[in-house]
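Novice: Residue numbers (our numbering): 3 to 542.
Worth double-checking, as some hints may not be accurate.
Restraint-style ranges between C-beta atoms, simulated for each label pair [claimed, not checked]:
hint: 1; residue 1: K414; residue 2: G467; range: 32 to 42 angstroms
hint: 2; residue 1: G497; residue 2: R311; range: 27 to 37 angstroms
hint: 3; residue 1: V70; residue 2: D394; range: 48 to 58 angstroms
Subject to a maximum C-alpha distance of 30 angstroms in a straight line, what follows is the list of computed DSS-like cross-link-like pairs (lysine-lysine) [stated by the list, open to error]:
hint: 4; residue 1: K362; residue 2: K251
hint: 5; residue 1: K323; residue 2: K152
hint: 6; residue 1: K8; residue 2: K27
hint: 7; residue 1: K323; residue 2: K426
hint: 8; residue 1: K126; residue 2: K202
hint: 9; residue 1: K502; residue 2: K356
hint: 10; residue 1: K447; residue 2: K61
hint: 11; residue 1: K426; residue 2: K355
hint: 12; residue 1: K362; residue 2: K253
hint: 13; residue 1: K317; residue 2: K333
hint: 14; residue 1: K519; residue 2: K333
hint: 15; residue 1: K364; residue 2: K414
hint: 16; residue 1: K27; residue 2: K333
hint: 17; residue 1: K323; residue 2: K26
hint: 18; residue 1: K251; residue 2: K364
hint: 19; residue 1: K323; residue 2: K333
Everything labelled a hint here was simulated from the structure, so no lab data went into it. All C-beta atoms, glycine included, are put in the ideal place defined by N, C-alpha and C.
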Amino acid sequence: MSLEIKVPEVGESITEVTIASWLKKDGDFVEQDEIIAELESDKATFELPAEISGVLKIKAQEDETVEVGAVICEIDEDAEGGESKSEDKVEKKSEEKKEDKKEDKSESNEKKKEGSSSNSGPKKTGEVHEMVVPTVGESITEVTISSWLKSEGDYVEMDEVIAEVESDKATFELPAEADGFLQIVAEEGDTIEIGATICKIEVAEGSAPSESSSEKSSSESDSSSDSKEEGNETYATGHASPAAAKILKEKGIDPSNIKGSGKDGRITKEDAENAEKQKASKSAEKENKSSDSGIETEKLPSPSDSGNREQRKEKMSSLRKTVARRLVSVKNETAMLTTFNEVDMSPIMEIRKKYKEQFKEKYEVGLGFMSFFTKACTLALKEFPAVNASIDGNEMVYSDYVDMSIAVSSPKGLVVPVIRNAEKLSFNEVEAEVIRLAKKARDGKLSIDEMTGGTFTITNGGIFGSMLSTPIINAPQSAILGMHNIVERPMAVNGEVQIKPIMYVALSYDHRIIDGKESVSFLVRVKELLEDPTRLLLGI
């Protein structure tokens with residue numbers, strides 16, 4: 003009797019999957035619950051277990067895209083699997099025999115790893131605790147597994163950090179929710195939804211394995227490493243993960259030529275990227291050697307040979323995908339307009355030139371432009387509260403405080419940390435907070451709290467040389483101020499032409515909540531405060 007194995011439902015929005023790899027071959031005997039294939043959707047990679055024991059008959063080939071519910075393979079439970087079946091039975095009996103003989107010293111380390119150790123170690127209770135991706139923020143729907151700090155089969159204790167998980171806003175640690183042995187479900191680099199299973203813990207009772215037994219196990223493992231290399235390789239040895247396989251396939255690199263650094267020799271995404279770089283460097287060396295040896299070739303130069311025409315593909319990070327989705331959403335869901343003005347920066351530049359050294363000596367931070375703009379905006383927002391408001395359904399939410407979002411460029415993309423209660427901070431406190439948040443952003447250590455809850459945003463494209471731009475609103479906020487570079491321009495002052503350092507400023511706003519009069523008046527007020535900084539000190 004044959005059982006048809008169909009593609010399971012893996013998410014409400016997923017309609018098809020791709021066969022990333024078959025871990026068993028056509029005609030192999032497979033045991034029930036044994037992993038036989040890896041499937042890849044547009045959101046995550048997951049494993050396909052055998053539903054019964056029997057001989058496998060593959061219906062869909064690797065790299066083939068099939069719909070959810072389609073037949074992917076068949077398992078004949080009545081068919082004979084030949085040697086593979088008998089070997090599996092022998093292995094199964096051998097394992098059962100090992101479980102019964104706990105006094106056998108040569109097998110004690112293996113039993114400890116499986117949770118069936120002697121009385122001095124932890125014992126499995128039979129309970130399996132599933133750990134799911136926790137909710138890490140109201141707008142976050144998926145995360146990426148940054149790294150596993152523990153390996154498959156490791157004993158973990160309650161609250162011990164076992165992995166680092168990355169969202170589009172921050173990286174956070176994942177603690178173990180029970181004592182026991184770790185079973186990894188989602189691999190490094192996988193992107194999974196909030197609430198999805200990330201790993202399982204085989205709950206165990208008793209104290210953790212002692213250090214001496216661990217050292218003994220380690221020494222025994224080292225002494226038998228040669229035999230493992232010869233005959234105890236797993237399916238993962240030399241096998242590329244789905245992400246790595248894509249990179250290798252696009253670059254035409256044979257996986258058999260790569261030594262994997264992952265668990266059991268698995269080829270990781272990093273291995274594939276490094277192999278790509280090695281291939282490029284080797285080809286460059288080969289070309290250099292050919293030119294140095296003076297060997298002439300018959301190939302004639304052509305226009306296509308004049309430069310490098312290679313292409314490469316990189317998977318969008320969670321941060322980049324979320325930013326893209328939110329920016330498109332803002333453009334589609336808001337009535338966004340932009341109003342412009344110009345600011346004479348000479349008064350501020352004179353203050354900085356005069357007091358910069360004294361300011362830094364006293365407060366140990368530099369006196370930058372951001373503190374002036376932040377203070378000017380906080381005063382203007384008090385006068386025009388609609389610019390500091392947001393829309394929640396059919397209601398408008400007004401805030402009597404200013405949580406100032408500051409756009410910061412990080413290695414992973416643009417992030418917007420928040421300065422809390424900016425209206426209460428002094429110049430040096432604003433500068434110190436900007437430096438602190440910018441450093442954490444570049445190190446990828448911003449927390450969720452530091453990234454959420456802003457009421458107004460300032461972005462400075464001028465540091466990259468931007469002269470003028472129309473910044474996009476940072477939802478659910480209703481306005482954003484764009485700063486630009488400072489350029490000396492001729493200006494008419496009291497009937498005379500003078501050269502002034504001028505900055506163009508832009509205010510993008512949601513016309514559903516902010517009228518044109520309010521937006522223009524707000525920007526004029528900011529201009530007045532910046533051109534006469536004394537007003538900032540007096541609050542007028």
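Novice: Each hint needs a verdict: does it hold in this structure or not?
Specialist: Hint-by-hint comparison with the structure:
1. K414 - G467: 32 to 42 angstroms: 22 angstroms, violated
2. G497 - R311: 27 to 37 angstroms: For R311 against G497, whose Cβ atoms are near 59 angstroms apart, the range 27 to 37 angstroms is violated.
3. V70 - D394: 48 to 58 angstroms: 36 angstroms, violated
4. K362 - K251: Violated. K362 to K251 sits at ~54 angstroms, over the 30 angstroms cutoff.
5. K323 - K152: 28 angstroms, holds
6. K8 - K27: 17 angstroms, holds
7. K323 - K426: Between K323 and K426 the Cα gap is close to 35 angstroms, so the pair fails against 30 angstroms, i.e. violated.
8. K126 - K202: With Cα atoms ~13 angstroms apart, K126 and K202 stay inside 30 angstroms; holds.
9. K502 - K356: 18 angstroms, holds
10. K447 - K61: Answer violated: K447 to K61 is near 46 angstroms, above 30 angstroms.
11. K426 - K355: Holds, at roughly 25 angstroms.
12. K362 - K253: 52 angstroms, violated
13. K317 - K333: Answer holds: K317 to K333 is near 24 angstroms, not above 30 angstroms.
14. K519 - K333: Holds, at about 22 angstroms.
15. K364 - K414: 34 angstroms, violated
16. K27 - K333: Outside the cut-off at roughly 50 angstroms; violated.
17. K323 - K26: Violated - the C-alpha atoms of K26 and K323 are around 34 angstroms apart, more than 30 angstroms.
18. K251 - K364: Between K251 and K364 the Cα gap is close to 58 angstroms, so the pair fails against 30 angstroms, i.e. violated.
19. K323 - K333: The given pair, whose Cα atoms are some 16 angstroms apart, holds under the 30 angstroms limit.
Of the numbered hints given earlier, the model fails hints 1, 2, 3, 4, 7, 10, 12, 15, 16, 17 and 18; all others are met.
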